[in-house]
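J.: Residue numbers (my numbering): 240 to 505.
There may be inaccurate statements among the hints.
Okay, derived cross-link-like pairs now, DMTMM-like style, lysine to aspartate or glutamate, Cα gap no bigger than 25 Å in a straight line [said to hold, decoys possible]:
id	residue 1	residue 2
1	241	308
2	241	322
3	241	437
4	441	292
5	441	414
6	312	433
7	466	258
8	241	330
9	312	332
10	264	308
11	241	276
12	264	300
13	404	414
14	312	276
15	466	300
16	404	437
17	241	446
18	404	448
19	241	332
20	404	429
21	404	332
22	264	421
23	404	283
24	404	446
25	441	332
26	312	429
27	264	276
28	241	433
29	312	292
30	441	276
31	241	292
32	312	283
33	312	437
34	241	448
35	264	429
36	466	496
37	466	421
38	404	461
39	241	283
40	466	490
Since the hints were made in silico from the structure, they are not lab data.
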Amino acid sequence: MKVYISADIEGIAGIAHWDEASADKPDYGPFRERMTDHVLAACEGAMAGGATEIVVKDAHDSGRNILAERLPKCAQLIRGWSEHPLLMVQELDSSFAAVAFVGYHSQAGSGGNPLAHTLSSSSVFRMRLNGRPLAEFHLYAYAAGQLGVPTALVNGDRALCGEVKTLSPATRTVESMVGVGDSTIARHPDIVRDELREGMQKALTGDLESALIVPAGPHALEVEFEKAPAAYRSSHYPGAQLVEPHTVRLEVEDYFDVLRALTFMV
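Between the sequences and the hints, there should be enough to build the whole structure, so can you do that?
T.: Structure (structure tokens):
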């Protein structure tokens, strides 16, 4: 069984400030370690659930955060960025039995995490698909669904976990923390780690078919930028329209055209 794990850092237990997510800051080290530990726990749970091959995408910032030597030998680690539209789930295809998202966070414009954003923490104020707010989880769980790959587990802040359960009750969630204003109230990282291990095993031995998340088309993407010039520039993407000074809209039939557009617009 092949399992895919995409890992971010802004939803890792205890994180509360951008300095803790930035490789050039002294606070980064412990959270890099914790990100690695929690990905390892997800890998261990996947193996206990029958996985024989695991692909891990380091999907935070430079894509060079996870300590490779700590992962199991059956795991391949994707570092850096190919710039393929699949981005945070690079190399995902229909041969995988399931995908999991570790350390993910709520969407741009959300109050659920002081580090909430969607793809860009500096240029995007809010993103919507068919009127619904888009988190990075949505973007790539939908991509997985289009490929026929169910979303087995999502780990992150409470706001994100609540959104996951609304969208896909069969997908297991592991809550790491609650965002309150510019603070976080975190669960103990060891408890989160243990729940990741157990949750992955149970997810892979449960009803995966019910955890398939497929977006209903056609797809109307709206990106609200922080600055009007960025929206104007992005409005020149084929098919895109500047509907307000800060907002670009694109309507497509194929979901993968949403991801292609975002590769060039954001």
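J.: So, for every hint listed, does it hold in this structure?
T.: Hint check:
1. 241 x 308: Holds, at roughly 20 Å.
2. 241 x 322: Distance of about 23 Å is within 25 Å: holds.
3. 241 x 437: holds, 18 Å
4. 441 x 292: Distance of about 17 Å is within 25 Å: holds.
5. 441 x 414: Roughly 16 Å separates the two Cα atoms, so the pair holds.
6. 312 x 433: holds, 20 Å
7. 466 x 258: With a Cα-Cα distance of about 24 Å, the restraint between residue 466 and residue 258 holds, given a limit of 25 Å.
8. 241 x 330: holds, 12 Å
9. 312 x 332: holds, 21 Å
10. 264 x 308: Within the cut-off at roughly 23 Å; holds.
11. 241 x 276: holds, 20 Å
12. 264 x 300: holds, 13 Å
13. 404 x 414: Given pair residue 404, residue 414 holds - Cα atoms ~12 Å apart, limit 25 Å.
14. 312 x 276: holds, 15 Å
15. 466 x 300: holds, 21 Å
16. 404 x 437: holds, 18 Å
17. 241 x 446: holds, 16 Å
18. 404 x 448: holds, 15 Å
19. 241 x 332: Given pair residue 241, residue 332 holds - Cα atoms ~10 Å apart, limit 25 Å.
20. 404 x 429: holds, 23 Å
21. 404 x 332: holds, 24 Å
22. 264 x 421: holds, 19 Å
23. 404 x 283: The given pair, whose Cα atoms are some 24 Å apart, holds under the 25 Å limit.
24. 404 x 446: Between residue 404 and residue 446 the Cα gap is close to 15 Å, so the pair holds against 25 Å.
25. 441 x 332: holds, 22 Å
26. 312 x 429: holds, 23 Å
27. 264 x 276: With a Cα-Cα distance of about 20 Å, the restraint between residue 264 and residue 276 holds, given a limit of 25 Å.
28. 241 x 433: holds, 22 Å
29. 312 x 292: holds, 9 Å
30. 441 x 276: Distance ~19 Å between residue 441 and residue 276 Cα, so the pair holds.
31. 241 x 292: holds, 5 Å
32. 312 x 283: Holds, at roughly 11 Å.
33. 312 x 437: holds, 20 Å
34. 241 x 448: This hinted pair holds, its Cα atoms lying about 15 Å apart.
35. 264 x 429: Roughly 24 Å between the alpha carbons, so the hint for residue 264 and residue 429 holds.
36. 466 x 496: holds, 24 Å
37. 466 x 421: Holds: residue 466 and residue 421 sit about 23 Å apart, inside 25 Å.
38. 404 x 461: With Cα atoms ~24 Å apart, residue 404 and residue 461 stay inside 25 Å; holds.
39. 241 x 283: holds, 13 Å
40. 466 x 490: holds, 22 Å
The structure is consistent with each of the numbered hints, conforming to all of them.
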